[in-house]
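Trainee: The lines below spell out each chain.
4 protein chains.
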Amino acid sequence: MIERREFLMTGGALALASWPLANLPVEAAQRGFMQTDNTDAFWPAGARLVISISMQMEAGAQPASGAESPLPKIDPKYPDIAATKWYEYGFKEGLPRLLDMFDRRNVKVTSHMVSAAVEKHSALAKEIVQRGHEPAGHGQTWTPQYSMTPEQERKSYADSATTIERVTGVRPVGFNAFWLRGTPRTLEILQELGYTYHIDDVSRDEPFLVNVRSKPFAVVPYTLHMNDIVNYETRYFSTDAYAADLKREFDVLYEEGAHRRRMMSVSAHDRISGRPARMRVLEDFIQYAQSRSGVAFMRKVDIANYAITSPRTVREGI
Amino acid sequence: MIERREFLMTGGALALASWPLANLPVEAAQRGFMQTDNTDAFWPAGARLVISISMQMEAGAQPASGAESPLPKIDPKYPDIAATKWYEYGFKEGLPRLLDMFDRRNVKVTSHMVSAAVEKHSALAKEIVQRGHEPAGHGQTWTPQYSMTPEQERKSYADSATTIERVTGVRPVGFNAFWLRGTPRTLEILQELGYTYHIDDVSRDEPFLVNVRSKPFAVVPYTLHMNDIVNYETRYFSTDAYAADLKREFDVLYEEGAHRRRMMSVSAHDRISGRPARMRVLEDFIQYAQSRSGVAFMRKVDIANYAITSPRTVREGI
Amino acid sequence: MIERREFLMTGGALALASWPLANLPVEAAQRGFMQTDNTDAFWPAGARLVISISMQMEAGAQPASGAESPLPKIDPKYPDIAATKWYEYGFKEGLPRLLDMFDRRNVKVTSHMVSAAVEKHSALAKEIVQRGHEPAGHGQTWTPQYSMTPEQERKSYADSATTIERVTGVRPVGFNAFWLRGTPRTLEILQELGYTYHIDDVSRDEPFLVNVRSKPFAVVPYTLHMNDIVNYETRYFSTDAYAADLKREFDVLYEEGAHRRRMMSVSAHDRISGRPARMRVLEDFIQYAQSRSGVAFMRKVDIANYAITSPRTVREGI
Amino acid sequence: MIERREFLMTGGALALASWPLANLPVEAAQRGFMQTDNTDAFWPAGARLVISISMQMEAGAQPASGAESPLPKIDPKYPDIAATKWYEYGFKEGLPRLLDMFDRRNVKVTSHMVSAAVEKHSALAKEIVQRGHEPAGHGQTWTPQYSMTPEQERKSYADSATTIERVTGVRPVGFNAFWLRGTPRTLEILQELGYTYHIDDVSRDEPFLVNVRSKPFAVVPYTLHMNDIVNYETRYFSTDAYAADLKREFDVLYEEGAHRRRMMSVSAHDRISGRPARMRVLEDFIQYAQSRSGVAFMRKVDIANYAITSPRTVREGI
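Residue numbers (numbering that gives the first Met the number 0), protein chains in the order written: chain A, 0 to 317; chain B, 0 to 317; chain C, 0 to 317; chain D, 0 to 317.
If you are wondering where the hints come from, they were derived from the structure by calculation, not from laboratory data.
A portion of the hints provided could be inaccurate.
[Stated by the list, open to error] Facing chain D, a subset of chain C residues (Cβ under 10 Å, in silico): (1) P69; (2) P78; (3) T83; (4) W85; (5) K91; (6) R96; (7) W141; (8) A242.
[Unchecked claim] Here are the simulated DMTMM-like pairs of lysine to aspartate or glutamate, each with C-alpha atoms no more than 25 Å apart in a straight line: (9) D/K72 x C/E315; (10) A/K72 x C/D250; (11) A/K72 x B/E232; (12) A/K119 x B/E315; (13) D/K246 x B/D239; (14) D/K72 x C/E232; (15) D/K72 x C/D74; (16) D/K154 x C/D74; (17) C/K246 x B/D283; (18) D/K76 x A/E67; (19) B/K246 x A/D239; (20) B/K72 x A/E67; (21) B/K72 x A/E232; (22) C/K76 x D/E254; (23) A/K76 x B/E187; (24) A/K72 x D/D74; (25) B/K119 x B/D99; (26) D/K246 x A/E254.
Each residue gets a CB set at the ideal place from its N, CA and C atoms; glycine is no exception.
Start from the sequences and build out the full structure, keeping to the hints where you can.
Mentor: Structure representation (structure tokens):
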């Protein structure tokens, strides 16, 4: 039996939809690879499926020109004032709207914060944490990590933790690289600096442990195909299209959750899912999930801590 | 109490759906950032949500080759006759169809006019204004503003106001740059020339004031994600997809409008939303919005004038 | 009263859905630009709306490499065998399937034929015409017209007519350029060679006449936004998305058809709309249209001939 | 009467939905090209429509950088660690999930295996075959075939068969090139090496035979427009959009199957259709198809063997 305290961060909270702890419905047995002995629980408190929401805080950290937006590209020698305003929406409207919605739905999330945005909007960053959400690293600046030298990379991750801790009062232990792209050294550096998990790995539908310097390091999978920036800004989904994808993805993982540990990862960027209709799609999805028994929304740090202590957790190279 | 005359332009009209001035439904209280004291009205006549429609008049102002269209790109040394015809639809069919629809629905809009199109189709430009719509500047020519010298930029905005006033009888006080991209000097130049607001800022869901030469300058936010050129020509939405996005966006802003000032911005280009099915999506949306109590369609000049005089208006850097 | 013989080509047929010739429903009066005196008919036999379907015959005319397909681009120095097979579907499956569907629905269309495809698949080209469809020119080869010299252009259009007449027995009088792009000389050359209309102009929702060498030349508008190659291959529509767009476009033009001459243009390429699901979307649309009274499907030559003789036809520069 | 043994591979199985062998419904007669004498069966056991599913096993074979993914492109001099994880999903989650689903639905498919993936994940490759699916060649490595020298191409196909046979115990007889693109020599080389069919030809909705060195070589058509990599990764379809396309395509081919031999080809890549919601769309489609009488799911080798022996099979150049 996993103790509750093992996966709770001080000051945090495990957001659980109200559900009975026993008598979870069991789907008709599946055969083969995915069959798993069902004599023990896969998640804390017997939850059947865990959903992890990422909320990016990026507004104001983007470069003066060349940042991605719905606008056509221009020569980056000119400041892209329109794109700057597109990003500003993230802190003026997007994050406040998402925070209110998460309160309405009693959901705690992980906020991946670019430190330059944290510096610019420190009251908002602090507010996010005070409302129960987890602060996690998302780069000191907008600079992609994959082309950094080892020294640059180490300094960036150290500075990121320092900045976030100084502003929010909580030192981050999770990390998300720019477009998920680190270097072959990323995990070692993160581990040395006290980070305990990263999310830049979409290879599984459950948390797992990898071997970093002969010690386990947790992976709490992020998502590309359930990611608002991919679906709205790259794939050009309407809200209807994304809404249907979210629900169908949930349905399958919920079914599988009867037989093995499963989690679903969803991403919400400040300036994207923070727009009115897109917030509503996410809220509708949360309500849809909460209407099923045994669904828990967990912050990534709580998932990582649980995975590290659970004997059932998948281990790669360990 | 804001007086009606303060936000009405001579000759214009405030299009209001029929609705009671009191007893607006109030949603369950929201917590946090978005909570606002509800003891006073946020909009004229107690409206709960204001919708602002932009209608671009651009047909004929585009270059002989290289203008955006659904056609594959060709070497711009050849005239793109097919694209020219694509644009001509805007004045032959698109604007007339939209104007008739706005009459049917009793909605007045803001028409962002490229002066070169105004010169070519002066009777149509005049007709737009005579039917109660607001003429606003959208560049003297198709040339992007962001790469202009200060002299070019000033001359362009001055000429734009002169041309539109000469043809339509009304001097524009609002401005929209090519793809929303001005220069760091744009607002100062506009203010000096007598413009009172611009729309090239999508950072809020309500009008606000910015500090330009120590005086307030109004921002009436435009839109990228509810913009027909973005959704139909860049994102490749079907009419069903765009229709659903419009309604879901409305629903959220309407809910929020119970507690704070909110507006929704929608864009309609002559050659794009002027196509039959796309006009109908916009008309259906207007009818959907008008079926709710407390929804007002306002021209941007009226919104700007109201924002400038209202003590509740958000002020940035002021 | 327009006589039926004036718009029928020898051997052709006017496909009319069964409908009463009088008592067409009249929508609530519209105001403004689109209002038209309704004392006379806009179309033969009092039809309220005319639909014109284009069926491209292109398979086998495309280059050995570099032709558009759903495949990623490769260096054109290698033959693109996969794309060749993609195109071959057009004559092996696509055109036969479309022809059977048009027979089922009793609809006659205009087939825009690339002569190189006509040469390769002459029995099929002949069959198209024998089943009542109109052959029209679509280039002698795949070469874009917009970069041709006057001599190349003239020879291409002359050869195109000769080839199609030799193979199908009918000399084409209509023309469609590669991606709608001709040269400033195109209409003169076409007129001199005996062509009576072209379709490469999407600026109106009705046929019209332009002045070419002081004589009227008919324009039967083609379409980009209701075009299968644009919507399926460029815009990436699902069949559901395209189906909804077609019906909504029809609904609006049908409404407008009560007060003025309106036509709807739809495009179907051999290898694209000839695929099973896409054929069905087109068939469903035809059935939807035929279920309304006063809808006529006409070949473009019949529309052009009618437009040339009708006093109501819009004239540009005449 | 075709004997069952003629189309069964040793150890394989013909997956048939339960259906009566006679009294298949016959649609209203169609005219023209597609009309066919219906006095004999088109498929084994009188099946009306055959569906062939391709399941790609590619995970781990992709290059360290530059492979297609939902991520933005980066300079390929950096390893794309995020894309690597995107691909790893294929063997960790995708293929196991698809295999379980195919078991649930009693469907056997053809698995196109890149040999480098087979080497890396040999237990999984063997499991695929042990569960009744057909192994087929899909390149020894990720290298595109279209630019290979004849020697490289021959060695690649020989090695591919050897690797797959060594690992799975079954020598592949079918082949699928990278993005369907072989060379003018591909079929000769395949035939010399003992392959009996390929799938890189989307020109028909039924299997057919081509002349290779004066002997028949079978073509079991693959698909681009019903292909998950095209629809989800290139076209950006939501699951709803793809689900509707699959069903509409089925409906038409099922109708046509009353009068002639028809097959439907669907593609499922490990890392794409193996995602939860996308697996469900494929499963829903299978259930939809199985609910109609006379629908058979066949492996491509069984289709090829049947086509080679059936006198009704279309022959090109033979």
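Trainee: Tell me if the straight-line CA distance from D/K72 to C/D74 falls inside 25 Å.
Mentor: 19 Å, holds
Trainee: Are the Cα atoms of D/K246 and B/D239 separated by 25 Å or less?
Mentor: 20 Å, holds
Trainee: Holds or violated: are the alpha carbons of A/K72 and C/D250 at most 25 Å from each other?
Mentor: The given pair, whose Cα atoms are some 37 Å apart, is violated under the 25 Å limit.
Trainee: Has the given pair, D/K246 with A/E254, been kept, meaning a C-alpha gap of at most 25 Å?
Mentor: 24 Å, holds
Trainee: Please work out if D/K154 and C/D74 have their alpha carbons no farther apart than 25 Å.
Mentor: 23 Å, holds
Trainee: Run the distance test for A/K76 versus B/E187: straight-line Cα separation, threshold 25 Å.
Mentor: 21 Å, holds
Trainee: Under 10 Å is the threshold here; is the Cβ of C/P69 close enough to any Cβ of chain D for the hint to stand?
Mentor: Interface hint status for C/P69: holds (5 Å vs cutoff 10 Å).
Trainee: Sort out whether A/E232 lies within 25 Å of B/K72, counting only the CA atoms.
Mentor: 22 Å, holds
Trainee: Please work out if D/K76 and A/E67 have their alpha carbons no farther apart than 25 Å.
Mentor: 22 Å, holds
Trainee: Grab the minimum C-beta distance from C/W141 to chain D and call the hint holds if it beats 10 Å, violated otherwise.
Mentor: Violated, because the Cβ-Cβ distance from C/W141 to chain D comes to roughly 18 Å (cut-off 10 Å).
Trainee: With chain D as the partner, please determine if C/T83 meets the hint condition of a C-beta pair closer than 10 Å.
Mentor: Cβ of C/T83 sits 8 Å from chain D, so the hint holds.
Trainee: Is the Cα-Cα distance between B/K72 and A/E67 25 Å or less?
Mentor: With a Cα-Cα distance of about 22 Å, the restraint between B/K72 and A/E67 holds, given a limit of 25 Å.
Comparing the model with each numbered hint stated earlier shows that hints 7, 9, 10, 22 do not hold.
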